Amino acid sequence: MSAHERSAGGNGSAAEVSLEHLQPAVLLNQSPSGQVFVALDGTLLFGNPAFLRLSQIDQTLPLEAHSLQDFLTPGGVIFYETQFAPTLLMRGFLSEISIELLRQDGSKVPVLVNAVLSRDRDERPIGFSIAIFEAVQRKEYERELLRSRRELEQIAEVVRRSADGIISLKPDGAIQSWNTGAERIFGFSSHEMIGQSMLSLFADNRQGEIREAMSDLGDGTEVNRDTTGLQKSGATVELSISLTPHLEAPGTLVAFSAIIRDISARKLAERALLQNEKLASMGRLASSIAHEINNPLEAVTNLLYILETRISDEESKALITTAQEELARVSHVATHTLKFHKQSSGRTMLDLGALGESVLGLYRARLQNSGIAVINDCTRASPLFCFEGELRQVLVNLVSNAFDAMRNGGRLVLRSRDVTLWSSALRGIRITVADTGTGMDAMTLSQIFEPFFSTKGIGGTGLGLWITKDLVEKNEGTIKVRSSVDPANSGTVVSMFFPHRSER
Amino acid sequence: MKAIRRNNVKVLGSGERTLMFAHGYGCDQNMWRHVVPSFADEYKIVLFDYVGSGCSDPSAFDRTRYSTLRGYAQDVVEILDELDIHTVNFVGHSVSSMIGALASIQRPELFETITMIGPSPCYINQGDYVGGFERSDIEGLLETLESNHVAWAASMAPLIMGNLETPEYAAELEASFCRMDPLLAHHFARVTFLSDNRKDLPKVSAKTLILQCQKDVIAGMDVGKYVNRCLPNSQFVVMDATGHCPHMSAPLEVTEALRKFL
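These protein sequences, in sequence, are chains A and B.
Residue numbering for the first sequence follows the working numbering, beginning at 1 and increasing consecutively.
Residue numbering for the second sequence follows the working numbering, beginning at 1001 and increasing consecutively.
No lab work stands behind these hints: they were computed from the structure.
Note that the structure is predicted; figures quoted are calculated from it, not measured.
A few of these clues could be false.
[Said to hold, decoys possible] For each label pair, taking beta carbons as the anchor points, the in silico distance ranges come out as:
| id | chain 1 | residue 1 | chain 2 | residue 2 | range |
| --- | --- | --- | --- | --- | --- |
| 1 | B | P1202 | A | L52 | 46 to 54 Å |
| 2 | B | I1004 | A | L52 | 47 to 55 Å |
| 3 | A | Q104 | B | E1112 | 46 to 54 Å |
| 4 | B | E1082 | A | S190 | 27 to 35 Å |
| 5 | A | D70 | B | G1127 | 26 to 34 Å |
[Unchecked claim] A few chain B positions that, by computed beta-carbon distances, are all more than 12 Å from chain A:
| id | residue |
| --- | --- |
| 6 | L1012 |
| 7 | S1059 |
| 8 | R1070 |
| 9 | V1077 |
| 10 | D1081 |
| 11 | M1221 |
Where a beta carbon is used, it is the ideal one built from N, C-alpha and C, also for glycine.
Model the full structure from these sequences, guided by the hints.
Laid out in structure tokens, this is it:
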């Protein structure tokens, strides 16, 4: 730019601005933002024209008749008095504080505020110098952001607390988020899992199908699988998982989510139900066989009787007697097997002494062969009102367990008594099955009523006590087991209590 | 030493009697810096920060425990127990007046005197009672806090100030003037301004001094008089100081009134 051009005037160059325009007082007067000075208690001591305009202050009164608090909302006053002023006094400055200015006409303007503490020559605080900017658009934008953030936080909270595992993953399967449900299912904390591959959550032989499922996500397909997961403890867990891809234009997989549900309990219940049904049909089969056997059995018994009367030589007679005895045993087994299935439609008054005899009768030979002494002490209790077949099954299960625990001999006690519970003053019948067998440790004891828990290896179904408990409860009784593995005093006591009918 | 770490407890001075200063909402133990030096020669002085304020341990925050002022009062009692202090002269500003009152109801034997600076048992107008604010005003405060989350956190960056009256222990305090975890501040504001502890006042047996300022818009003259009427064993002193924080704006007057009472 030439000297000639500069002197022409009116071309907007720096030379046009005289020193007079740059006086601080002039700048303050013309400043587009509000500027005030207030005493420590908020009394207004100075306000520039921009502030006077913005606040619509009543200019007929002296400025000192107003305080800054007059131009704040009640909430703003609390904020000013409890946080703004004390902090300013101690720190000396505050920046970008957002408040609402309450104008004289009652309308509110959102503003941003910078403030510094002023001190006198002795360094004593005397007041605050405050710059005020309108922030209407900014505030609107902020409100919108806050609103959407709150919505997101609510959704995030729902996800975080969900009982199902909900995790988000990068396209390569690296875990990005991990909720409480996932923590509960796998035992890993989010701290341990974020950044890890999802594949590490599955048993080795299942990783292939998971990898395959992940590769299907790229074209937007949702994948559902039942599979086996691997917990932190090393235990496996039955899972159902849904993988949902998140695609962004142009059809790129940017992330996916996995919703994981622990279905172990469901699977276990399904298996138990199935197995129970198998046992029940086996029971039906056994009793129908017993029924079929019974008729020819009676015929053979009668035929032997006739034969006995026609034979005179002693040797043959002795043979027939032995045959009759053996036949009686077969007949006993058949009738008692039949009784299992002969479910009377309703409950009856059951003689426990007879029931004890009948159940022990089934095991008599085996118990004797193993050198087990049997004490049947069931004759003294009153009759029990129950489903006969079910109580028979309960006792058979318990006697069979006792027998299995005493392969090297011992003592089996079957006892029933009328008792009154001291804890509840409830009157009823207690049936006890006690053995001097090997006993169970606390760990085993805590699991005996779970389905499929067995210590008998291949021979056990793991359903005996599970069914027993179910049957006892069906007859309104309770069952408790105490056991000791102390070699000097080992054994197990199963104790059942059935309240009297009048007390139920 | 759980409470001592949790509440950033500082013990200064020496003397037979103990003075415990409890800060109000919005600040931390540093707000007592102009008052403490005058007592440090004669008294053992206990300073602390409420959980969420100053240099307290934010991980100790428990929404349920601190959902009423009782949780904060429980902290006061735990601090005294951990320090093995059996008698205390408690000085509480603003909401701490009520926290002190609740602590003294729980453990009367611990509290020789309570000094309340600008107390209010209830900030909300209810029936005939004039607390000074409506519920919507408190919502307004919470909104202001929310929109200042970021600015407030940023302004809490470490800072070294000149003009230290007590340079020997001031330096370590500089970093934390009125630091408040913004989310916990929001919580503390709700508890402070929405609590109603009017029913608790008559249960306070300790000798109490109420220091009332002129033109205190947070806890006005009538609220101060109400507290005076409800507290069985209280003195009411109106000061010349104005505003809500006389111990910061007029520390001398507060010091004198406190000395006279003790």
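Taking the hints in turn, this is what the structure says about them:
no.: 1; hint: P1202/B - L52/A: 46 to 54 Å; result: holds, 50 Å
no.: 2; hint: I1004/B - L52/A: 47 to 55 Å; result: holds, 52 Å
no.: 3; hint: Q104/A - E1112/B: 46 to 54 Å; result: holds, 50 Å
no.: 4; hint: E1082/B - S190/A: 27 to 35 Å; result: holds, 33 Å
no.: 5; hint: D70/A - G1127/B: 26 to 34 Å; result: holds, 28 Å
no.: 6; hint: L1012; result: holds, 18 Å
no.: 7; hint: S1059; result: holds, 15 Å
no.: 8; hint: R1070; result: holds, 21 Å
no.: 9; hint: V1077; result: holds, 25 Å
no.: 10; hint: D1081; result: holds, 29 Å
no.: 11; hint: M1221; result: holds, 15 Å
Consistency note: the structure conflicts with none of the earlier hints.
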